[in-house]
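**Q** Please model the complete structure; the sequences and the hints are all you need to start from.
Which chain is which? The protein sequence lines are A and B, in order.
According to full-length UniProt numbering, the residues represented by the first sequence are 1 to 259, in order.
According to full-length UniProt numbering, the residues represented by the second sequence are 1 to 259, in order.
Since the hints were made in silico from the structure, they are not lab data.
Just so you know, nobody snuck in bad clues.
Note that identical chains are pooled: a pair holds if it fits in a single copy or bridges any two copies.
Taking lysine to any residue and the SDA-like style, the derived pairs with C-alpha atoms no more than 20 Å apart in a straight line are:
| hint | residue 1 | residue 2 |
| --- | --- | --- |
| 1 | K166 | I106 |
| 2 | K3 | Y77 |
| 3 | K3 | D96 |
| 4 | K91 | A117 |
| 5 | K3 | E32 |
| 6 | K91 | T124 |
| 7 | K91 | R116 |
| 8 | K166 | E150 |
| 9 | K91 | H130 |
| 10 | K166 | T231 |
| 11 | K91 | D121 |
| 12 | K41 | R20 |
There are 2 protein chains.
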Amino acid sequence: MPKIRATVAYDGTEFHGFARQPGLRTVQGTLEQTLEQLMGKPVEVFGSGRTDAGVHARAQVVHWTQDVGPSPDRYPYVFRRILPPDIVVQKAEVVDEAFHARFSAIRKTYRYTVQRADVEDVFTNRYAWHMPRALRLAEMRAAAGSLVGEHDFTSFCAAATPVENKVRTVYAIEFEERGTYLDIYCTGSGFLQNMVRIIVGTLIDVGLGKLDPSAMPKILAGRDRRLAGQTAPAKGLCLWQVDYGDDAVRFDSNARAKS
Amino acid sequence: MPKIRATVAYDGTEFHGFARQPGLRTVQGTLEQTLEQLMGKPVEVFGSGRTDAGVHARAQVVHWTQDVGPSPDRYPYVFRRILPPDIVVQKAEVVDEAFHARFSAIRKTYRYTVQRADVEDVFTNRYAWHMPRALRLAEMRAAAGSLVGEHDFTSFCAAATPVENKVRTVYAIEFEERGTYLDIYCTGSGFLQNMVRIIVGTLIDVGLGKLDPSAMPKILAGRDRRLAGQTAPAKGLCLWQVDYGDDAVRFDSNARAKS
Chain A
1 MPKIRATVAY DGTEFHGFAR QPGLRTVQGT LEQTLEQLMG KPVEVFGSGR
51 TDAGVHARAQ VVHWTQDVGP SPDRYPYVFR RILPPDIVVQ KAEVVDEAFH
101 ARFSAIRKTY RYTVQRADVE DVFTNRYAWH MPRALRLAEM RAAAGSLVGE
151 HDFTSFCAAA TPVENKVRTV YAIEFEERGT YLDIYCTGSG FLQNMVRIIV
201 GTLIDVGLGK LDPSAMPKIL AGRDRRLAGQ TAPAKGLCLW QVDYGDDAVR
251 FDSNARAKS
Chain B
1 MPKIRATVAY DGTEFHGFAR QPGLRTVQGT LEQTLEQLMG KPVEVFGSGR
51 TDAGVHARAQ VVHWTQDVGP SPDRYPYVFR RILPPDIVVQ KAEVVDEAFH
101 ARFSAIRKTY RYTVQRADVE DVFTNRYAWH MPRALRLAEM RAAAGSLVGE
151 HDFTSFCAAA TPVENKVRTV YAIEFEERGT YLDIYCTGSG FLQNMVRIIV
201 GTLIDVGLGK LDPSAMPKIL AGRDRRLAGQ TAPAKGLCLW QVDYGDDAVR
251 FDSNARAKS
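**A** Here it is, written out as structure tokens:
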């Protein structure tokens, strides 16, 4: 049966996260219901990873297998007619049997957006964390530098995170200013539960002067969630890109300017 | 009693328009309830004009009078704590007794946003009209040129518009491309009901090749709503600026780039 890989964007505001949950509106559940409607039988959708309630995606990657169904290049148009307005399929293609949205992923980039302004912008309040106080950007950059590399990120994930091995590699944490918006791009081999939100919350605490950048190595070494800073709100976070080491989705910093 | 002038932004998606209506969530109603809560007595809010259900505002201007109440420069912060997230007061100041949000306005600018892309952007679908087909921009500019100036706009307003005199002056219709977005700015002395949406819908019909730009003078002269094109959806429209001929809100084309 052909395996289909699709790139999906969603506004996470009104979803209870990516992962299917009985009786709740989720991204995976919505895609599965739509595919079942199209094909007349249940279809299981696999994502590159979960996103929390309220977290958005510019380019989540999913796959499913099908024996019947529309031609993949028709999917963006077919889905547009039946999906609700807060989720779109941007691209779909047949991929090799060996492809797996989660296990084939080699790198992910999240973008976190902060709006630095006295008064919040009504048109972006679903997508940005409003920060009416001044941020010390140089200190935030210094703190971010200490987090780049291979580390045990126990201090930077939800205390209840069930996975055993909490060593991850953060390849880059980059800051981009866009008018009153500050975008923080985190690229890594993979992220633990709430990891980007705790990294960003801790960087903001540094920016506000509550934490010193020099504390970062000790926070990492302590392997204790209580040492790091606050968890940034879900709404500012967006799954920006998933990288599979192929041309189609290779890391493309130009894509940022276009979006 | 001091008269307060305030600049208000709102996401119109979940409002039944600006004007107060019993039992419905409106911008005017929400502001009046909030002011009554702050001051302990009813306050009447006057706007520069109505906006339809689903229409947004970057800078609606309102006024009210008060004998008690917070100092005007505190309003953005006071309101931020009690208004819902889809409406913000960006600025408030004491103005001369003679000021009236509606009658003192000399010029208004609306922005209409079209997204030209195969697949709609989930993050802007509340704020833009999605147009998956190619648009002939040169023809749209030519048609827009015919509408600039003083004209009877009977053909470009809702058939039921109650006002007698339908002569208005359109000072400019300007097109700006921003990635996949096309912004159409309409500046005029004032606008009739649905006028900007019908102008834009007609320009889009020209862009799609359904109407020829040369038809515009005849459509104007015919004074019949049925001669013009479709009414563009409310969600793409935003009240961009209200001009009172003073420095504080003078027409500022640089403001666009900042937003």
